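Chains as they are written, first to last, in my numbering: chain A, 5 to 304; chain B, 2 to 471.
If you're looking for bench data, these hints aren't it; they were derived computationally from the structure. Here the structure is a predicted model, which means the values were calculated and not measured. Careful: at least some of the hints might be erroneous.
Quick list of the computed label-pair ranges, beta carbon to beta carbon [said to hold, decoys possible]:
#, chain 1, residue 1, chain 2, residue 2, range
1, A, Ser302, B, Gln46, 29 to 35 Å
2, B, Val257, A, Thr287, 48 to 54 Å
3, A, Ser302, B, Asn6, 40 to 46 Å
4, B, Asn350, A, Ser217, 37 to 43 Å
5, B, Ala338, A, Asn134, 53 to 59 Å
Output of the computed footprint for chain A on chain B, the stretches with three or more beta carbons under 8 Å from beta carbons of chain A [said to hold, decoys possible]:
#, stretch
6, 98-106
7, 364-372
8, 430-441
If you want the ones that stay clear, here's a sample from chain B, every Cβ over 12 Å from chain A, calculated [what the hints assert, rightly or not]:
#, residue
9, Phe126
10, Ser161
11, Gly269
By construction, the Cβ of each residue, glycine as well, lies at the ideal position given by its N, Cα and C atoms.
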Amino acid sequence: MRFDPFYLNSAVASLDQTSASEQQLTNEISSGTRVNSLGDDPVAVGENVLLSSQLNLDDSFSQTESSTVGALQVTDSTLGSVVSQLTQALTLATEGNNGTLNANDLQSISTQIAGIRDEVLSLANTTYMNRYIFSGSQGGTAPYTLNSAVTPNTATYNGDAVTSYITTPGGQKIQSNVPGNQIFSDPTNDVLQMLNNLVADFSTGTASASAISDTTALNSALNYVGQQRVVIDNSITQLQAAQSYTQTQGTQITSAQTNLMQADVAQVSTQLSTAETQQAALTQVVNILEKNNGDLFSLL
Amino acid sequence: MATLNTALSIATGALDADQAALNVIANNTANANTPGYTNQLPEWQANDPVTIDGTSYGQGVTMTGPSSQRDLVLEQRIQQQMQLQQGSDARQAALESVQNIFSSATSASSSTSSLDIGTSISGFFSALSQLQSNPADNSLRQSVLNAATTLVTSFQSASSQLTQEQGSLDQQSATIVTQVNSLTRAIAQLNGQISQTSGSKDAGQLEDQRQYDIQQLSQLVGIHQITTEDNSLTITTSSGALLVSKDQAFSLSTSVSGGVTHISDYQGNDVTTSLAGGGGQLGGILTVRDQDIPQMQSALDTLAFDLGTAVNTANEAGSDANGAAGGPIFNLPGTAAGSASSISVAITNPAQIAAAATGNGSSDDTNLESMLQLQNQGIIGGTTPSSYYSSFTSALGSLVSQVSTENTAQQASLTQLQTQRDSLSAVNLNDEAAALENLQQAYQAASKVFTILDTVMASAINLGVETTVA
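Between the sequences and the hints, there should be enough to build the whole structure, so can you do that?
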């Protein structure tokens with residue numbers, strides 16, 4: 005019977021193969037990574053690229069979210085101050101309208117309301133990180149300027165009506181600002197105009213005929229500001245929900261990536277142990293073959 | 002009537018034959034580990050008998066020469082399998098070094114390599130997304146610009162690394178052509194010697210050398226061989242370009258055109274493309290150089306071009322921080338070809354990022370929003386930028402793994418064929434030892450016969466008196 009006289013070479017080649025596989029397994033255990041090159045598991049690699057990209061976006065959304073929420077919280081607390089200022093103005097105007105005050109008192113009310121108007125105006129011109137938060141898209145421009153040359157004074161809106169949105173990684177659009185003309189100078193609920201009117205109404209020392217209707221209008225404007233504040237609060241809630249969702253998703257992605265790319269140590273150890281057994285057996289075979297290498301020549 | 006002289010001459014002939022056979026065995030044993038050596042068997046032939054008065058008398062034995070234990074069909078199968086195996090082996094090796102360029106796609110963390118294309122794409126969109134929180138902020142705008150620079154650098158770096166791989170494969174191909182030419186010259190020379198010395202018979206060790214050279218040649222390039230009448234071989238490339246005919250070798254030549262080595266046959270026809278599909282190391286290398294890498298380059302070009310164009314179009318639709326109409330963010334060539342290597346950032350001033358819709362102020366992010374949405378749109382041939390890159394890495398990985406599987410299968414088949422060949426043609430030392438033992442005994446027997454015949458002859462000459470002639 006014929007056989008390959010170089011069979012020892014095949015045994016050694018098999019020995020090389022188990023050594024190579026041991027090396028690969030050791031590498032997986034020491035690096036902790038199952039996939040070390042694209043060819044190891046092409047599907048996992050493709051998946052990994054997508055997961056990494058998603059994770060990257062989630063991370064950056066977290067930062068966007070926290071700085072946007074910061075701006076919205078400033079907006080919210082500014083509006084809180086506006087509401088309390090307006091409540092105070094309302095009290096003063098109601099007091100001025102009850103017909104019991106003298107001219108001096110009425111002029112003092114006018115001055116106090118003017119002070120409130122200035123305060124509201126400056127609140128409307130609030131900035132956050134060098135950006136006017138109530139001027140729509142014109143963040144570099146102060147939204148309101150006061151013209152005190154006319155009576156009643158007028159406030160001019162210099163911003164625009166642009167509303168901005170933040171998009172979550174899930175594609176949800178969340179409003180991130182309310183332009184000033186929807187809060188302070190809405191055509192039907194013009195806060196600043198009402199304040200200016202009341203200042204003029206009481207400035208002469210006699211409550212003017214329109215003082216009562218202006219007070220009523222200020223009251224409805226106050227309610228309107230409250231409604232706009234709800235929009236901001238909603239955005240804050242939505243952003244925080246999106247943030248928490250994004251973080252949960254980030255955790256899931258990280259764990260998915262771990263499952264996908266990391267070596268299963270128990271499995272790899274088992275494979276390594278199998279490879280070692282095979283290696284030991286082959287070494288034994290080669291050893292025996294070499295000892296018995298006495299072919300017939302050694303008997304001649 | 003047979004004579005004592007005849008018997009003596011038979012014994013002498015047997016001694017000669019045994020000596021010649023021992024020579025063959027010694028030669029086998031000496032060449033037991035010579036690559037390409039084929040085991041030789043002594044051929045014995047009984048001499049023609051002589052018929053005298055109607056009786057046949059045997060005339061002893063002649064060793065008619067060693068014959069090589071060779072199966073040419075098997076040799077050819079090995080050579081063909083070797084062309085396949087070497088082709089996929091060279092392709093695998095080249096692709097493995099190509100896949101390393103994109104190996105950061107295997108890292109689980111998104112921030113390991115700043116020059117990974119996938120990470121750079123999501124980095125660019127991340128920077129845009131962060132700019133949303135305060136579109137007028139100059140430092141956020143600057144980081145968009147930085148992310149854009151990282152993105153183009155990743156494209157350029159991947160593209161230039163691919164080009165470098167291509168260049169080194171190009172050099173290898175030129176070296177292989179030189180080796181092919183020296184082997185074909187050696188084969189042509191052997192063809193000449195074989196047809197002069199052995200006619201139509203197996204040419205023994207010359208044939209060993211020729212087969213060995215063809216095997217070497219098969220490692221390098223895909224070939225066909227045709228045996229011609231005077232026992233010489235005509236060798237062509239697998240696509241038919243003549244390499245060897247009789248004792249003449251026809252060299253392949255290389256020329257550089259467009260920065261790429263082209264290979265021509267002796268008539269000056271460009272055979273580069275057909276060699277790429279022909280197998281052997283040259284086939285594998287040319288396949289990667291001319292098909293695999295250009296495919297990857299073109300995929301990267303498409304990605305860079307379509308992404309850059311979409312971002313440019315989006316930026317051009319808005320107004321920048323100063324209220325001016327936005328311009329392109331990326332410089333791109335007119336068509337996709339070469340985009341990955343030549344893409345660059347067109348703007349230097351972060352204010353030029355057009356975050357606002359036309360006419361809106363600098364705090365507006367309407368246009369930024371539509372730019373950001375590009376990451377979820379099928380702007381690269383119907384898929385999003387990230388999934389396009391993901392498919393790209395998957396496809397490259399699959400190619401490597403497929404070629405590697407192919408190679409393993411071909412290697413296994415080659416090993417089987419070689420085992421088959423070795424069990425037929427390799428020197429089996431046990432057989433040689435046994436033959437040696439046999440021949441020793443045959444020689445001893447023949448010499449004994451000679452001694453006895455000598456004694457008998459002396460008796461005959463001395464007519465029974467023992468002392469005169471010993």
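* **Earlier hints that do not hold, by number** => 4, 5, 9
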